[in-house]
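Please construct the entire structure, taking both the sequences and the accompanying hints into account.
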Amino acid sequence: MKYYLTVPIYYVNAAPHIGHFYTTMAADVLKRFKIMQGYDVVLTTGSDEHGQNVERAARLLGKTPEEYATLISQEFRETWQKTGLLVDRFMRTSDPQHHAKVRWLFERCRENGYIEKGSYTGQYCFNCELYVNEAQAGDPCPDCGRTTETVTEENYFFKLSAFQDRLLRLYEEQPQFIQPEIRRNEVISFVRQGLRDLSITRTSIKWGIPVPVEGHHVFYVWFDALITYMSAVEGSDLWPADLHLIGKEIVRFHAVYWPAFLMAAGLPLPKQIFAHGWLLFDGMKMSKTRGNIVRATPIQQAMGIDALRYYLLREVPFGADGNFTYEALVSRYNADLANGLGNLVSRTLSMIQQYRQGIIPGAGQEPSCEPVAAKAREVLASYPASMEAFEFSRALESVWQLLATADKFIVTQAPWTLAKNPEASSKLEATLYTAAEVVRLVTALLYPILPHSAAKIWSQLGMTTPIDQVRLGDLAWGGLPPGQKIGKPEGVFPRLDPKATVARLLDLEEAERERQDALVGKKLVAKTPAAAPEGGDRGAGMREGVAPIAPEITIDDFAKVDLRVARVLDAQPVAGADKLLQLQVDLGEAQPRTIVAGIALAYKPEQLVGRKVVIVANLAPRKLRGLVSQGMIVAASLEGGQPVLAGFLEDVPVGARLK
RNA sequence: GCCGGUGUAGCUCAGGUGGUUAGAGCGGCGGUCUCAUAAUCCGCAGGUCGUAGGUUCGAGUCCUACCGCCGGCACCA
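Numbering (our numbering) for the first sequence: 1 to 659.
FYI, nobody ran anything at the bench for these hints, they're computed from the structure. Only true hints are included.
For lysine-lysine, the following DSS-like pairs were computed, each having C-alpha atoms within a straight-line distance of at most 30 Å:
1. Lys248 to Lys579
2. Lys604 to Lys579
3. Lys285 to Lys499
4. Lys117 to Lys206
5. Lys375 to Lys427
6. Lys248 to Lys271
7. Lys285 to Lys604
8. Lys408 to Lys456
9. Lys271 to Lys159
10. Lys427 to Lys485
11. Lys408 to Lys488
12. Lys63 to Lys206
13. Lys2 to Lys456
14. Lys82 to Lys456
15. Lys375 to Lys408
No experiment lies behind these values; they were computed from the predicted model shown.
This is how it looks when you write it as structure tokens:
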């Protein structure tokens, strides 16, 4: 039976980091688990290479988009290989086979009447390659906060609006289609609010897949990217996918757009979409500008990749956001892997070596061993159920309960005492067998999560069948063959010094970051700044994370803007809006003005009263939440759109004009 | 503002359909064995289960309101 699962294709705008690893590793775990259940599993990923950001990043490096994309794409592929993830197919969006598939799907949707040509005039964010329907001229992009540009384009539109009912029915009839539940609820409420048709082509971009017949149109990144899930397995009967494993930030594309595209083309839908949460670093979102991104490979160097796999799946309930810290990583490693699993293996094998010359004894009939067997049977049943439900954390917990049971058992039996008494020989043997059998079962169960360490333990136990050929259905208590000679015991998880290891991890991370920076050119590690629409390469001169300078204007243009010093007389929250404050400001006019500003998240009303601010005094009035705003307050816009009000170091009179 | 989620020991979290003294792991403290990776094992930690009401013989466990945090939507410089 086939099982086809995917992780996203990753955008070549950034080098691989732990976030990419998290998703892909989880898929690798599921793959190995499904294989143990007897499925023929295929796992795909790839690289998302099109779009203006890539075009620009390449130009800055003096490379063609193809060359640049190849470089990063290669980096991803090498990362998966280095970290031992079993990716079967890696599809690049620049692959001709993929191009053909995208055009084919487009044509099918069009033949079925779900695509038509239309024109759009409105705001466009060049950075996100996104149309912002509600925005007005000069408004910022809702995603990145950068200023949108007014554009007019003739584009192809996908009739997403036609699929509202069908999508809702899908979510209704197949509750498992989007998981976890919280994401499902979000998607449903989003679709219930009504769907707008979706522009799926762009004329402002060259680096993309050309639309059939139309030389100057290319496909919108998401129409392009999602289809890799099909093109990656072209020529096989793997479609539809059994699972798309994704991060929660791209739920909408997968749970709304993608099924709609497929419905339009009359194709089968994926069986399930599972969105996991984010990895935070010390409670903060990882971001390139903060410089707090963590990579997987340095951790692999310091403590082995299995340690990271274990930590991520044990510490963070899959689906929820979780926190990553180096301290917790090392602490988990020592407590669970070294003291727990590693030590049980070590003491068990060592006793078999000392007391029975490395030969696994017979199980015998010993009532005191029965509770251990019972616990093992229990875990044998609960573990797969947890894995099926994406509850990795719970699955691991149950295995560790069995480990604890075994440790307790050994102490109770005290084999070292039994060994001194020849009459206790059969009890000793039963004890050793029971311990070894726990090790065997635990190792097999843990193989999907700790593949490399499990393989080592497996061979130390003297098992002859390769561990990747073990099937869950064959696992049962008592399956360890007596008489088997164990291999050489070697520490699988040597204990680590917490402080020294964290320091080492930080050093290795630093080195890896430098290597990646060198690879792509330092400036490009940051999300590439938005381009000025006509002003050429103004983005090129900006430092990391800094938006590019807008197109040139004349002094006359500037003179049109009347900036004034004003004093805030009063500030009130606006009912029904999180971000708005209603301000009364004195510009030196006869009457105070009302200004509605979206700064409520950054400033409390009482912080503002009495403060001098800068106002755009001649901006056309605009209605916001029913209130007329007579002007705009000037603020620096930080990452995430957070505003910081402009002010003066010296005292300035109200009404003064800024020139 | 609407919708969803969440708030339980220092930390990470369990606690279907309400019922004896609220649990686990980690960390911390004390003790123990010696097969083992200064590991294991045993004991201890006395937490108003966010707050305030309510339903009930009885509520982390159901209801209402409020507060905090997270997310989606609306909205936005």
